[in-house]
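Visitor: Chains A, B and C, in that order, give the protein sequences.
Going by our numbering, the first sequence opens with residue 1, and the numbers climb by one from there.
Going by our numbering, the second sequence opens with residue 1, and the numbers climb by one from there.
Going by our numbering, the third sequence opens with residue 1, and the numbers climb by one from there.
Bear in mind the hints are in silico, worked out from the structure with no lab data behind them.
Fair warning: there could be bad hints in the mix.
Unchecked claim - Computed list of lysine to any residue pairs in SDA-like fashion (alpha-carbon distance at most 20 Å, straight line):
no., chain 1, residue 1, chain 2, residue 2
1, A, Lys33, C, Asp87
2, B, Lys181, B, Trp216
3, B, Lys181, B, Met71
4, B, Lys181, B, Leu139
5, A, Lys33, C, Glu93
6, A, Lys33, C, Thr90
7, B, Lys181, A, Val185
8, B, Lys181, B, Ala170
9, A, Lys33, A, Glu95
10, B, Lys181, A, Pro182
11, A, Lys33, A, Arg83
12, B, Lys181, A, Leu40
13, A, Lys33, C, Glu88
14, B, Lys181, B, Phe140
15, A, Lys33, A, Leu169
16, B, Lys181, B, Val171
17, B, Lys181, A, Leu181
18, B, Lys181, A, Ser209
19, A, Lys33, A, Val45
20, B, Lys181, A, Leu188
21, B, Lys181, A, Ala86
22, A, Lys33, C, Leu89
23, A, Lys33, C, Arg129
24, A, Lys33, A, Ala86
25, B, Lys181, A, Arg83
Okay, here's what each chain looks like letter by letter:
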Amino acid sequence: MSEAAAQPPIERGGWSGVAWALRRDLRLALRSKAELGVQLLFYVVVVSLFPLGVGADPMLLRALGPGVLWVAALLASLLSLPRLFAADFADGTLEQIALSPYPLPALISGKILAHWLTTGVPLAALSPLLALQFGLDGSELVALAAGLVLGTPTLSLLGAIGAALTLGLRAGGALLALLILPLYVPILIFGAGAVEASRVGLAAGGELSVLGAALLVAAIGAPLASAAAVRIALD
Amino acid sequence: MRLSSINWFKFASPASFFPLAGHLARWFAVLAVPLAAAGLWLGLVVAPTDAQQGDAYRIIFIHVPAAWMSMFIYLVMAAWCALSLTLNARLSAMMAQALAPTGALFTVIALWTGALWGRPAWGTYWAWDARMTSELILLFLYLGYMALRHAIDEPRRADRASAVLALVGAVNVPIIYFSVKWWNTLHQGATVSLTAAPKMASIMLTAMLLMTFAAWFYAIAVAMVRVRAIILERERRTSWAGALAGAAR
Amino acid sequence: MLEAHDLAARRGDAQLFSGVSLSLGPGTALFVRGPNGSGKTTLLRILAGTTQAAAGRVLWRGEQVGPFHPALRASAVFIGHAPALKDELTAEENLASLATLHGAPAERAAVLEALNAWSLSRQRALPARVLSQGQRRRVALARLWLLSRPLWLLDEPATALDDAGQVTLRDALAAHLAARGIAVIATHQDLPVASGAHQSLLLA
Numbered sequence: 001m002s003e004a005a006a007q008p009p010i011e012r013g014g015w016s017g018v019a020w021a022l023r024r025d026l027r028l029a030l031r032s033k034a035e036l037g038v039q040l041l042f043y044v045v046v047v048s049l050f051p052l053g054v055g056a057d058p059m060l061l062r063a064l065g066p067g068v069l070w071v072a073a074l075l076a077s078l079l080s081l082p083r084l085f086a087a088d089f090a091d092g093t094l095e096q097i098a099l100s101p102y103p104l105p106a107l108i109s110g111k112i113l114a115h116w117l118t119t120g121v122p123l124a125a126l127s128p129l130l131a132l133q134f135g136l137d138g139s140e141l142v143a144l145a146a147g148l149v150l151g152t153p154t155l156s157l158l159g160a161i162g163a164a165l166t167l168g169l170r171a172g173g174a175l176l177a178l179l180i181l182p183l184y185v186p187i188l189i190f191g192a193g194a195v196e197a198s199r200v201g202l203a204a205g206g207e208l209s210v211l212g213a214a215l216l217v218a219a220i221g222a223p224l225a226s227a228a229a230v231r232i233a234l235d
Numbered sequence: 001m002r003l004s005s006i007n008w009f010k011f012a013s014p015a016s017f018f019p020l021a022g023h024l025a026r027w028f029a030v031l032a033v034p035l036a037a038a039g040l041w042l043g044l045v046v047a048p049t050d051a052q053q054g055d056a057y058r059i060i061f062i063h064v065p066a067a068w069m070s071m072f073i074y075l076v077m078a079a080w081c082a083l084s085l086t087l088n089a090r091l092s093a094m095m096a097q098a099l100a101p102t103g104a105l106f107t108v109i110a111l112w113t114g115a116l117w118g119r120p121a122w123g124t125y126w127a128w129d130a131r132m133t134s135e136l137i138l139l140f141l142y143l144g145y146m147a148l149r150h151a152i153d154e155p156r157r158a159d160r161a162s163a164v165l166a167l168v169g170a171v172n173v174p175i176i177y178f179s180v181k182w183w184n185t186l187h188q189g190a191t192v193s194l195t196a197a198p199k200m201a202s203i204m205l206t207a208m209l210l211m212t213f214a215a216w217f218y219a220i221a222v223a224m225v226r227v228r229a230i231i232l233e234r235e236r237r238t239s240w241a242g243a244l245a246g247a248a249r
Numbered sequence: 001m002l003e004a005h006d007l008a009a010r011r012g013d014a015q016l017f018s019g020v021s022l023s024l025g026p027g028t029a030l031f032v033r034g035p036n037g038s039g040k041t042t043l044l045r046i047l048a049g050t051t052q053a054a055a056g057r058v059l060w061r062g063e064q065v066g067p068f069h070p071a072l073r074a075s076a077v078f079i080g081h082a083p084a085l086k087d088e089l090t091a092e093e094n095l096a097s098l099a100t101l102h103g104a105p106a107e108r109a110a111v112l113e114a115l116n117a118w119s120l121s122r123q124r125a126l127p128a129r130v131l132s133q134g135q136r137r138r139v140a141l142a143r144l145w146l147l148s149r150p151l152w153l154l155d156e157p158a159t160a161l162d163d164a165g166q167v168t169l170r171d172a173l174a175a176h177l178a179a180r181g182i183a184v185i186a187t188h189q190d191l192p193v194a195s196g197a198h199q200s201l202l203l204a
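Bound conformation, chain A alone (with noise of 0.2 Å):
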């Protein structure tokens, strides 16, 4: 049964290990749909309370749409953060991953990824819909498309901070909120940036660049923070 004597290799290829954690995540998402949608819900209802809030003039929605539905899908990923490593960390799985052979920040990139696609890309698809609530047309719509498209992974991985830095506190949440938000900031300027930038008949080009480098600078500092802060999460 067990071979004392033989020596697995020592470390093994990241690739596999982002593999085995998207895989998994995303058969343990599709097994509880229900916290999916409620966060999809959740980006609906914020996005629809802010007419309520400022009143129906079509130019003031129009002014406002690229800022509240880029504001409300940051509030929406929030939401969402906690389920990255809560569940692991208190069932025991998180620190099994930790003391994988396979490297910790490639079985987080797994991770995020997988939040990314169950989080992220509804958000990205459900946008262009609701920005018709606020005016939006044509090419901005496009932009606010891409821009969500490019920006929510970077709200996961930034986010995955946050969440390993938190992990088990008592004010989990909200201290979430208050630790990720400033860092957000970048994010959302850019973003809402590009839909302003071809609702005046400029190419969102300049800001989308933006957000695809600060997209590859997350993708690869953020799994390494995050790995740090899961292992003294975990100490």
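For this one, chain A is given, so just place chains B and C on it according to the hints.
Guide: Just chains B and C now, kept in the frame of chain A:
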């Protein structure tokens, strides 16, 4: 005694650093007072009244040093955090913990004096200019650091988690600043930032530098006092701390 | 193969233990005993590499290993209090997933064999949510069947196990020791060991 012959690492232990911190606190507090006095005298009394803004502009002698210190302290705090993670040193983490409230305080002072200046200078307390908005976000970063520390009961985990947070924040500060600046130029033509300050006569510059050094020495003194309290609280179970308490009784 | 010198541990401000040393060669089991709160779990977690010791060193195969050292992650299997099962996955899926996670992807047949060894064949397609405590513990321990790791670190493995389960555990441990493996087991009840050298460590 040559500098290189002093065993600096001796001071890496909280027990040896404790008395040194007390001395440093006294010296820097004593130095801060005349600097502040000179700076305030130059700025409030000697510097000429501005043609456009009258005497209201004088608040910059508090506003600008406070803003500079708020950013400087964050960098120093992040540096201590980096040290504490790489060297696994408790004292470095305690230094960061001691600096944070002072940094937050300077941020609040900068925001408050900025608002007070804004009213007479351009008619509104808060104009969403790039610098003030970035300063506000910096305040959130400080508060987040302090909140995270406070939320974690276990001291070592609190040290390390807040250190990671401070470093992530430090990396993001320039990114946030440039995004906000970009956002500001996009949405508001008028620059209502520091460039609206009156042209700097050399005497004003001197006054601001004096106030900055005064603020810096004040910050060191306060941080030393605070770190002593932190050391005592966290090392209370050790024998040297007990002896100190016993002697004081 | 596994050595520790002068380990000390703190939790918060309180000192849990200090000056703990051990030296285990192949085929040896170490039973760590002590009252609740004496640091048994902490010691195991230091050896597993999830917790940093306040002082002291751990050496695995002569190499000093700190927290999350790759050599430990490849050579040890740590089964703590929490069975590390996902409620939404079946027993079979949980085992397969954990095996792949630890770098030893298992064929379906092997997974079923492992479940069978721990008398879980009938529960293999049930979600972990509906399993009893004892059954969850068995699924967790079934991991040992699939991973060929030289070092076992088990924290109170006999908890919630019935007599049959304890027999299976004893046999698994004996086979592991016979194959020159090492085991460190924290327990507050006597675990019968059929063969192999074993040491005892009492944390006061």
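Visitor: Take the hints in turn and mark each one as holding or not.
Guide: To see whether the hints hold, each was checked on the structure:
1. The straight-line distance between the Cα atoms of A/Lys33 and C/Asp87 is roughly 14 Å, inside the 20 Å bound, and the hint therefore holds.
2. A C-alpha spacing of about 27 Å is found between B/Lys181 and B/Trp216, which places the hinted pair above 20 Å, so the restraint is violated.
3. With a C-alpha separation of about 16 Å, the suggested pairing of B/Lys181 with B/Met71 holds against the 20 Å cut-off.
4. At most 20 Å may separate the alpha-carbon atoms for a hinted pair to count; B/Lys181 and B/Leu139 meet this at roughly 17 Å.
5. Note on A/Lys33 and C/Glu93: the hinted pairing holds, with a Cα-Cα distance of about 19 Å set against a maximum of 20 Å.
6. Straight-line distance between C-alpha atoms of A/Lys33 and C/Thr90 comes to about 17 Å, which keeps the hinted pair within the 20 Å bound.
7. A threshold of 20 Å between alpha carbons decides the hint, and for B/Lys181 with A/Val185 the separation of about 12 Å falls inside it, so the pair holds.
8. Taking the CA atoms of B/Lys181 and B/Ala170, the gap is near 17 Å; set against the 20 Å cutoff, the hint holds.
9. For the hint pairing A/Lys33 with A/Glu95, the CA-to-CA distance comes to about 25 Å; that exceeds 20 Å, so the pair is violated.
10. Note on B/Lys181 and A/Pro182: the hinted pairing holds, with a Cα-Cα distance of about 15 Å set against a maximum of 20 Å.
11. Simply put, A/Lys33 and A/Arg83 have alpha-carbon atoms about 13 Å apart, close enough for the 20 Å limit, and the pair holds.
12. For the given pair, B/Lys181 sits about 32 Å from A/Leu40 by alpha-carbon distance, which is inconsistent with the 20 Å threshold.
13. For the given pair, A/Lys33 sits about 12 Å from C/Glu88 by alpha-carbon distance, which is consistent with the 20 Å threshold.
14. Distance check on the hinted pair: B/Lys181 and B/Phe140 sit about 18 Å apart at the alpha-carbon level, within 20 Å; holds.
15. Proposed proximity of A/Lys33 and A/Leu169 is contradicted: the alpha carbons are some 26 Å apart, above 20 Å.
16. Of the pairs offered as hints, the one joining B/Lys181 and B/Val171 holds, with about 17 Å between alpha carbons and a cut-off of 20 Å not exceeded.
17. A hinted pair counts as satisfied when its Cα atoms are at most 20 Å apart, and B/Lys181 with A/Leu181 qualifies at roughly 18 Å.
18. In summary, the hint linking B/Lys181 to A/Ser209 is supported, as the alpha carbons are separated by about 17 Å, within the 20 Å threshold.
19. Restraint check for A/Lys33 and A/Val45: the C-alpha separation of about 19 Å stays at or below 20 Å, so the hint holds.
20. Using a Cα cut-off of 20 Å, the hinted pair B/Lys181 and A/Leu188 holds, with the two alpha carbons roughly 14 Å apart.
21. About 36 Å separates the Cα atoms of B/Lys181 and A/Ala86, which puts this hinted pair outside 20 Å; it is violated.
22. Restraint check: the Cα-Cα separation between A/Lys33 and C/Leu89 comes to about 14 Å, which is no more than 20 Å; the hinted pair holds.
23. A distance of roughly 17 Å separates the Cα atoms of A/Lys33 and C/Arg129; the hinted pair therefore holds under the 20 Å criterion.
24. Restraint check: the Cα-Cα separation between A/Lys33 and A/Ala86 comes to about 17 Å, which is no more than 20 Å; the hinted pair holds.
25. Straight-line distance between C-alpha atoms of B/Lys181 and A/Arg83 comes to about 34 Å, which puts the hinted pair past the 20 Å bound.
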